[in-house]
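Participant: Read top to bottom, the protein sequences are chains A and B.
Counting from 197, one number per residue, gives the positions in the first sequence under our numbering.
Counting from 20, one number per residue, gives the positions in the second sequence under our numbering.
Careful: at least some of the hints might be erroneous.
Below 27 Å or equal to it, Euclidean Cα-Cα: the simulated DSSO-like pairs (lysine-lysine) are [to be verified]:
id	chain 1	residue 1	chain 2	residue 2
1	B	35	B	334
2	B	27	A	318
3	A	382	A	397
4	B	27	A	304
5	A	425	A	395
6	B	38	A	341
7	A	395	A	341
8	A	307	A	318
9	A	425	A	200
10	A	341	B	334
11	A	341	A	304
12	A	382	A	395
13	A	382	A	412
14	B	334	A	318
15	B	27	A	341
16	B	174	A	307
17	B	35	A	318
18	A	307	A	341
19	A	341	B	306
20	A	304	A	318
Partial list, derived from the structure: chain B residues whose beta carbon lies under 7 Å from chain A [what the hints assert, rightly or not]:
id	residue
21	34
22	52
23	212
24	223
Simulated from the structure, these hints should not be mistaken for laboratory data.
Glycine residues also receive a C-beta, built at the ideal position from the N, C-alpha and C atoms.
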Amino acid sequence: MAVKLLSVNSLAISFGGIRALGGIDFELEDQEILAIIGPNGSGKTTLINCITGIYSPDRGQVIFEGESIAGLSPDLVAQRGIARTFQNIRLFNNMTVLDNLMLGRHVKFRKNPFHAVLRIRKEELVHRERVEELIDFLDLHAYRKMRVVDCPYGVQKSVELGRALAMEPGLLLIDEPFAGLTSEEKEETAYRITEIRGKYKTGILLIEHDLRLVSKLADRMIALNYGLKIAEGSPQEVQRNPGVISAYLGNE
Amino acid sequence: MDLVESYKDEMRLIDKPWKGFWIGLLLMALLLLPWLGDEYMIYMVSLVCIYSIGVQGQNILIGYTGQISLGQAGFLAIGAFTLGHLSRLGVPVLLGLLGAGLAAGLFGLVVGFPCLRLKGPYLAIATLGFGIAVYEVFVNSQTLSGGRMGLIVPKFSPLFGLSGSAFYYYFSLLIGVVFTLVSFNIISSYIGRAFIAIRDNDIAAEAIGVNLTFYKLLSFVVSSFYTGVQGGLYGLLMGYVEPNMFTFLESVTLFIAVIIGGLASVEGSIMGAAFVILVPHIFSSYKELVPVAFGISILLVLIFEPLGLYGRWLKIRLYFRNWPFR
Ligand SMILES: Nc1ncnc2c1ncn2[C@@H]1O[C@H](COP(=O)(O)OP(=O)(O)OP(=O)(O)O)[C@@H](O)[C@H]1O
Ligand SMILES: [Mg+2]
Chain A
197 MAVKLLSVNS LAISFGGIRA LGGIDFELED QEILAIIGPN GSGKTTLINC
247 ITGIYSPDRG QVIFEGESIA GLSPDLVAQR GIARTFQNIR LFNNMTVLDN
297 LMLGRHVKFR KNPFHAVLRI RKEELVHRER VEELIDFLDL HAYRKMRVVD
347 CPYGVQKSVE LGRALAMEPG LLLIDEPFAG LTSEEKEETA YRITEIRGKY
397 KTGILLIEHD LRLVSKLADR MIALNYGLKI AEGSPQEVQR NPGVISAYLG
447 NE
Chain B
20 MDLVESYKDE MRLIDKPWKG FWIGLLLMAL LLLPWLGDEY MIYMVSLVCI
70 YSIGVQGQNI LIGYTGQISL GQAGFLAIGA FTLGHLSRLG VPVLLGLLGA
120 GLAAGLFGLV VGFPCLRLKG PYLAIATLGF GIAVYEVFVN SQTLSGGRMG
170 LIVPKFSPLF GLSGSAFYYY FSLLIGVVFT LVSFNIISSY IGRAFIAIRD
220 NDIAAEAIGV NLTFYKLLSF VVSSFYTGVQ GGLYGLLMGY VEPNMFTFLE
270 SVTLFIAVII GGLASVEGSI MGAAFVILVP HIFSSYKELV PVAFGISILL
320 VLIFEPLGLY GRWLKIRLYF RNWPFR
């Protein structure tokens, strides 16, 4: 049996009395786009936070490329090759777009403190080239030297995606990439996400509310409600599932 | 391949010709100072050079990494006494300064550890406690502090036929310039980026693989190394060291210099150092007004120019560059 890129087994976490995840199981293949949908507060972001080590789960396992990563600190998870974006953009606001992307190269950087102090910048040039490729890919030329806070919202979303891609991750976790975007930006982002899979050969876990967009993108889909998996299958199957329909309608 | 050339150009320290021109002019003036100014002026500028080292270190910690410390006087004292003892043992000055930096850096590491879990005011109080503890230790230990009269630091004989004060001035200037270059290099390197990332968004920094523990401790160590060297140079210039040189007030002064000069700016650190040295000089006949002047300046900076003197300077420059269109 081939090793799955990611497998999550009976993952559970509670906050005080609130059960945010009540034992979730799923797997993600190489270069697969798996979408996670669910109403507000159903535990989607919490799931990502558990995988990336921001929360440590009460129970359950997270296995990435055959190794258990549950309980590792976020930086170690990142070093293993898992990158993410945040639902509420988290960028390094006072730095330029370029520096934000360069920070995405941090895990790949061969770090030599003497080079840092003596201003030997060979390694820097190598990574700068990779970052320029990303700037091309994400069409960020006009913003390269701009401070991130001064960039429009849509651009900030792109920069955050770029920073994650700069890590050359094996697995990319994207939390609501379309939220707050204009309809053109949405189309563009959707197109990019499919491109990423082909170009960077990564598996993608995609959280999204917009069912129309996400069903075009995803290979498979999982629906959560109150921290439990209520449906899994192709986007069409999941959307027709009566449990999913009532979870969404009951909530909105 | 000329694209790659231009990336390299962007990484230069002096990336524009006019910048080189102004820096050249400034260095020239500094080099000629012993001929231009009197003894007192040479002494004051030496102090600014020495102070600017510690202020830069403090700025790396506060301005770039976003960690606070009110215990710099402790590192100053450790640096100064280390240099004092080492030079009494006959260790050459440069090695003595390295020792001063390393000793302070080591304590920076020790202080940094508990501080990893503390933020904001709690961190300020913990570091403040450290500064006071170091002071008490030196006050109460004759062996460490060299007794009532303080520790005499042997003067080294000036080289190149310079007068004593000119030689000490050039020496301080040289070390100050070296540390300034190192500051610029560190902050534009992967280390500096990691520091700023922690300051701007620690959760995101961790999520991209920045080890928070390592880089926060590194920032503490670098900052206390700088401060230790400042202490060592100060001891050298004074010719003796005693605990009362390093009271809590000294920590406050360094802190004020960072705020007034401008957070997260090397140039600002130097301006801040000049400010805290020169303002007391201007008010020298009304000593009790110095804290008032500092206090008012801090308020003015916080209200009108959060980027400090350096921010103000940038605006003035912009004004003249765009003049007369405004
Ligand atoms: N740090 C925390 N402390 C307390 N409760 C939390 C915490 N994080 C999440 N929760 C709770 O866990 C539940 C799931 O939250 P989560 O953010 O994962 O939902 P979500 O599916 O991402 O929702 P949305 O679509 O609004 O982003 C919610 O009830 C939330 O209040
Ligand atoms: Mg969410």
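Participant: Please go over all the hints and tell whether each is borne out by the structure.
Facilitator: The hints, checked one at a time:
Among the hinted pairs, residue 35 of chain B with residue 334 of chain B is consistent with the structure: their alpha-carbon atoms are about 18 Å apart, no more than 27 Å. A C-alpha spacing of about 9 Å is found between residue 27 of chain B and residue 318 of chain A, which places the hinted pair at or below 27 Å, so the restraint holds. For the hint pairing residue 382 of chain A with residue 397 of chain A, the CA-to-CA distance comes to about 22 Å; that is within 27 Å, so the pair holds. A distance of roughly 20 Å separates the Cα atoms of residue 27 of chain B and residue 304 of chain A; the hinted pair therefore holds under the 27 Å criterion.
Of the supplied pair hints, the one linking residue 425 of chain A and residue 395 of chain A is violated, its CA atoms being roughly 31 Å apart against a limit of 27 Å. Restraint check for residue 38 of chain B and residue 341 of chain A: the C-alpha separation of about 19 Å stays at or below 27 Å, so the hint holds. Note on residue 395 of chain A and residue 341 of chain A: the hinted pairing holds, with a Cα-Cα distance of about 26 Å set against a maximum of 27 Å. A distance of roughly 11 Å separates the Cα atoms of residue 307 of chain A and residue 318 of chain A; the hinted pair therefore holds under the 27 Å criterion.
The suggested pairing of residue 425 of chain A with residue 200 of chain A holds, with an alpha-carbon distance near 19 Å, which does not exceed 27 Å. A distance of roughly 19 Å separates the Cα atoms of residue 341 of chain A and residue 334 of chain B; the hinted pair therefore holds under the 27 Å criterion. Taking the CA atoms of residue 341 of chain A and residue 304 of chain A, the gap is near 22 Å; set against the 27 Å cutoff, the hint holds. With a C-alpha separation of about 20 Å, the suggested pair residue 382 of chain A and residue 395 of chain A falls inside the 27 Å cut-off, and the hint holds.
Between residue 382 of chain A and residue 412 of chain A, the direct Cα distance comes to roughly 12 Å. Compliance with the 27 Å bound is thereby established for this hinted pair. Between residue 334 of chain B and residue 318 of chain A, the direct Cα distance comes to roughly 34 Å. Violation of the 27 Å bound is thereby established for this hinted pair. Among the hinted pairs, residue 27 of chain B with residue 341 of chain A is consistent with the structure: their alpha-carbon atoms are about 15 Å apart, no more than 27 Å. The suggested pairing of residue 174 of chain B with residue 307 of chain A is violated, with an alpha-carbon distance near 40 Å, which exceeds 27 Å.
Among the hinted pairs, residue 35 of chain B with residue 318 of chain A is consistent with the structure: their alpha-carbon atoms are about 21 Å apart, no more than 27 Å. Annotation: proposed proximity of residue 307 of chain A to residue 341 of chain A holds, straight-line Cα distance about 24 Å (limit 27 Å). Taking the CA atoms of residue 341 of chain A and residue 306 of chain B, the gap is near 46 Å; set against the 27 Å cutoff, the hint is violated. Of the supplied pair hints, the one linking residue 304 of chain A and residue 318 of chain A holds, its CA atoms being roughly 14 Å apart against a limit of 27 Å.
Because the smallest distance between the Cβ of residue 34 of chain B and any Cβ of chain A comes to about 12 Å, over 7 Å, the interface hint for this residue is violated. Residue-level restraint check for residue 52 of chain B is violated (minimum Cβ-Cβ distance to chain A is 27 Å; threshold 7 Å). With a cut of 7 Å, the hint placing residue 212 of chain B at the interface with chain A holds, because the nearest CB-to-CB distance is about 5 Å. A distance limit of 7 Å between C-beta atoms decides the matter here; for residue 223 of chain B the minimum to chain A is near 4 Å, and the interface restraint holds.
Hint compliance for this structure: hints 5, 14, 16, 19, 21 and 22 are not met, and every other hint is.
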